[in-house]
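With the hints as your guide, set chain Z onto chain E.
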Amino acid sequence: MNFGSLRRIAVLALAAGMIGLLAAPVLAQAPTPTPPTPNKGDTAWMLTASALVLLMTIPGLALFYGGLVRTKNMLSMLMQVFFTVCIVCIIWVVYGYSLAFSEGTSFNSLVGGFSKAFLAGVTPDSTAETFTDGVVIPEYAYICFQMTFAAITPALIVGSMAERMKFSAIVLFIPLWVTFVYFPIAHMVWYWAGPGATVAASKAVAAATGDAKAAAEAALAVVQANAGIAFQWGALDFAGGTVVHINSGIAGLMGALLVGKRVGYGREAMPPHSLTMTLVGAALLWVGWFGFNAGSALEANGTAALAMINTFVATAAAALAWMLAEKVAKGKPSLLGGASGAVAGLVAVTPASGFAGPMGAIVLGLVAGMVCMFACSAIKNALGYDDALDVFGVHCVGGILGAIGTGFLAAPLLGGTGVFDYATGKVGDYDMAAQVIIQAKTVALTLVWSGVGTIVLLTIVKVLVGLRPGTDQEREGLDLVDHGERAYNY
Amino acid sequence: MKLVTAIIKPFKLEEVRSALTDLGLQGMTVTEVKGYGRQKGHTEIYRGAEYAVSFLPKIKLEVVVPSGGVDKAVEAIVRTARTGQIGDGKIFVSPIEHAVRVRTGETDDSAI
Chain E
1 MNFGSLRRIA
11 VLALAAGMIG
21 LLAAPVLAQA
31 PTPTPPTPNK
41 GDTAWMLTAS
51 ALVLLMTIPG
61 LALFYGGLVR
71 TKNMLSMLMQ
81 VFFTVCIVCI
91 IWVVYGYSLA
101 FSEGTSFNSL
111 VGGFSKAFLA
121 GVTPDSTAET
131 FTDGVVIPEY
141 AYICFQMTFA
151 AITPALIVGS
161 MAERMKFSAI
171 VLFIPLWVTF
181 VYFPIAHMVW
191 YWAGPGATVA
201 ASKAVAAATG
211 DAKAAAEAAL
221 AVVQANAGIA
231 FQWGALDFAG
241 GTVVHINSGI
251 AGLMGALLVG
261 KRVGYGREAM
271 PPHSLTMTLV
281 GAALLWVGWF
291 GFNAGSALEA
301 NGTAALAMIN
311 TFVATAAAAL
321 AWMLAEKVAK
331 GKPSLLGGAS
341 GAVAGLVAVT
351 PASGFAGPMG
361 AIVLGLVAGM
371 VCMFACSAIK
381 NALGYDDALD
391 VFGVHCVGGI
401 LGAIGTGFLA
411 APLLGGTGVF
421 DYATGKVGDY
431 DMAAQVIIQA
441 KTVALTLVWS
451 GVGTIVLLTI
461 VKVLVGLRPG
471 TDQEREGLDL
481 VDHGERAYNY
Chain Z
1 MKLVTAIIKP
11 FKLEEVRSAL
21 TDLGLQGMTV
31 TEVKGYGRQK
41 GHTEIYRGAE
51 YAVSFLPKIK
61 LEVVVPSGGV
71 DKAVEAIVRT
81 ARTGQIGDGK
91 IFVSPIEHAV
101 RVRTGETDDS
111 AI
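Quick mapping for you: the protein sequence lines, in order, are chains E and Z. So the first sequence is numbered by the working numbering: it starts at 1 and just counts up by one. So the second sequence is numbered by the working numbering: it starts at 1 and just counts up by one.
Bound conformation, chain E alone (with noise of 0.2 Å):
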C-alpha cells in the first residue's frame, strides 16, 4: 500500500547500480509480507510535531504579525490567520489531502485525484510510509502533520496584504489559493509512490534476466513515474522551502502588487504597534518549527535530530546576522531585526533541516540574514512596492536561498547527508551541479506556478467582491470595520 508518503529524491538513474547488482547472483526469496505496523514512538513524535506546527501559526504566526500592524488592524490580522487555519482544515480533509497525497489521474505529475475525499478508506489502521522501507505511521497522524502545513502557508500571504485587504475577500481568496496553487505544489514536490514501492521494483530489477528484466524494468519505471514532476527532477525539499515558503512568499509580492499600496504608505508613519507581541510570535514560531523541520523526518530518529540542531544553529546564526548588518548598514541592531533574522534562517533552513550539516546549516543562517535583511530595506524601498510585512522578502528570497543552498549543501563533501537512493540501499553519488540545478528549475516551476496561479485567483476575487475596504474604512482600521471590534479597550 503506498499511500503518499513522500519527499527524498526519487530513485532515477538506476540502471548503473543495476547493473553491478547483477554480477552478484542474488536468489530473490519472495517472502510473505506481512503489513508493518507503526512504531509507537514515531507515532507519538508525529502527533506531538503536528501540535507544534499549529503553535506555529496561532498564536506564533499571528502574534508575530500582529504585533507589526497598527492597533486597530491587529484584530484583522489575527482573525485573517486564524480564519485561515480552521477553513484549511475543513478542506484538507474534504479533498485538500486527496489532491495532494492521493494517486491523481491524466495529471498525476500536476496534481492528486479524489480518490481520498473525505478521506475515504482511512481508518485507525491505515498507515502511511515514512522515508524507510517498512516504516510506517498511522496515516491519521500523517494527515494531521500535512494539514498543518497546508493550514501556515497561506496564513504566510495575508502578511503581504495586511492592513488594507478586506475579510471577505480573504474568506473567498485562502480557498481558491490553496486549492489551485498549494495543493498541487505540495504534490509536484512531494507526492512519491513510498519507498516500499520503490524498493520493491528495484530489487525485481535486480534478480529478473533475460525477456523478465525489460518487463521488470518497465515496471520500476512505472513506480518512479508515479510522482510529483519536481520529484520526479529529483528535488530536494525537507520540510517545505518550495512548498510553503517560496510559495507562499511570491503569492504574497504578487498580493501585494495587486491589491496595492496602503493609504498614506510612505507618507504617514506605520510603526509596529507591538514589538513585544512581535518577539513573542517569533519565539514561538521557533519552538513550533521543531515540528515542521523535525518532524518532516516522519520519523523519531537520526534524521529527525539532524533536521532539530539545524533549525537550532540556522536560525540562530541568521538572527546575529541580522543584527550584525543592521548594526553595519544604519547604525543599530534592532530587536524586529533579530526577530526577523530568526524567520529568515527557520525560512532558508527548512529545505536542507534534513540533509545540510549544522555547520552547513550555519553558513547557510548567516546569509540567509543579511541577504534577507538586504531584500526588506533597500530592494523593497528601490521597488517601492508595499509588502506590509515582508512575506516576500523573507519567506521567497530566504525560501530561494534555502532551496538553492540545499543543492550544494547535501552534498557530503560539505557535510551533508547526501542523498539516500533505495536501489542500492545506501547513499549514492552525489552530483552536486546537477542537483542545483534541480532545485534551481524547483524553484523557477514554483515561482511561476504560485506566482500566476495568485494573480488569477485575486483577479476573481477582486470582480466578484472586491479586494480592499473604502478609503475611509481603512483609514478606520479593519477591526472596526469587518470585525466590530478593537484590540484594546483601555
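Among the clues, some could well be false.
Unchecked claim - With a straight-line cut-off of 27 Å between C-alpha atoms, the simulated DSS-like cross-links for lysine-lysine are:
hint : chain 1 : residue 1 : chain 2 : residue 2
1    : E       : Lys462    : E       : Lys72
2    : E       : Lys72     : Z       : Lys34
3    : E       : Lys327    : Z       : Lys40
4    : E       : Lys462    : E       : Lys261
5    : Z       : Lys60     : Z       : Lys12
6    : E       : Lys332    : Z       : Lys34
7    : Z       : Lys72     : Z       : Lys12
8    : Z       : Lys90     : E       : Lys330
9    : Z       : Lys34     : Z       : Lys90
10   : Z       : Lys12     : Z       : Lys40
11   : Z       : Lys34     : Z       : Lys2
12   : E       : Lys426    : E       : Lys213
13   : Z       : Lys12     : Z       : Lys34
14   : E       : Lys261    : E       : Lys72
15   : E       : Lys332    : Z       : Lys9
16   : Z       : Lys40     : E       : Lys332
For the record, the hints were derived by calculation from the structure and aren't laboratory data.
Then chain Z, alone, in the frame of chain E:
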C-alpha cells in the same frame, strides 16, 4: 490666581512634584502629551522603513497657585526639571478668573 503650565521631560515629573509639594501646593494635574521644540525628534527604523518621529513624549503639568506664589512655583519647576540639555521644556503662566471646589463650594484662593 495663576495657572502654571509646565511642559517637562517625563522622568523629571517626580522631582518636580516633590518640589511643588514642599512649597505647600496641594494638587496638580498631569497629562501625557507629545510635542517638540528645539529638540526636534528622532529617527525610528523598522526593517526597511525609516520614520522621522517629530513628536516626543512629554508631561504637561498644570497647577493653579495664588498670584503671590507664582514666582516660587516657577523657580521650583525650573530648578528641578532642568537637565541643561535641549528638550527640558517650557513654562507658561496665565491668569485664572475664578475657581470653585466642587465638594464644598469654596471659591478662588480657598478652593485651590
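Against the structure, the hints come out as follows:
1. For the proposed pair E:Lys462 and E:Lys72, the alpha carbon gap of about 24 Å is at most 27 Å, so the pair holds.
2. Under the criterion of a C-alpha separation no larger than 27 Å, the hint pairing E:Lys72 with Z:Lys34 is consistent with the structure, at around 20 Å.
3. As the CA atoms of E:Lys327 and Z:Lys40 are separated by approximately 24 Å, the hinted pair is consistent with the 27 Å bound.
4. At roughly 15 Å between alpha-carbon atoms, E:Lys462 and E:Lys261 fall within 27 Å of each other, so this suggested pair holds.
5. Between Z:Lys60 and Z:Lys12 the alpha-carbon distance is near 11 Å, which keeps this suggested pair within the 27 Å criterion.
6. Distance hint between E:Lys332 and Z:Lys34 is fulfilled; the C-alpha atoms sit about 24 Å from each other, no more than 27 Å.
7. Of the pairs offered as hints, the one joining Z:Lys72 and Z:Lys12 holds, with about 18 Å between alpha carbons and a cut-off of 27 Å not exceeded.
8. At most 27 Å may separate the alpha-carbon atoms for a hinted pair to count; Z:Lys90 and E:Lys330 exceed this at roughly 33 Å.
9. For the given pair, Z:Lys34 sits about 13 Å from Z:Lys90 by alpha-carbon distance, which is consistent with the 27 Å threshold.
10. Between Z:Lys12 and Z:Lys40 the CA atoms are separated by roughly 19 Å; this keeps the pair inside 27 Å, and the hint holds.
11. This hinted pair checks out: Z:Lys34 and Z:Lys2 have alpha carbons roughly 24 Å apart, not beyond 27 Å.
12. Restraint check for E:Lys426 and E:Lys213: the C-alpha separation of about 23 Å stays at or below 27 Å, so the hint holds.
13. This hinted pair checks out: Z:Lys12 and Z:Lys34 have alpha carbons roughly 15 Å apart, not beyond 27 Å.
14. Between E:Lys261 and E:Lys72, the direct Cα distance comes to roughly 17 Å. Compliance with the 27 Å bound is thereby established for this hinted pair.
15. Using a Cα cut-off of 27 Å, the hinted pair E:Lys332 and Z:Lys9 holds, with the two alpha carbons roughly 24 Å apart.
16. Simply put, Z:Lys40 and E:Lys332 have alpha-carbon atoms about 20 Å apart, close enough for the 27 Å limit, and the pair holds.
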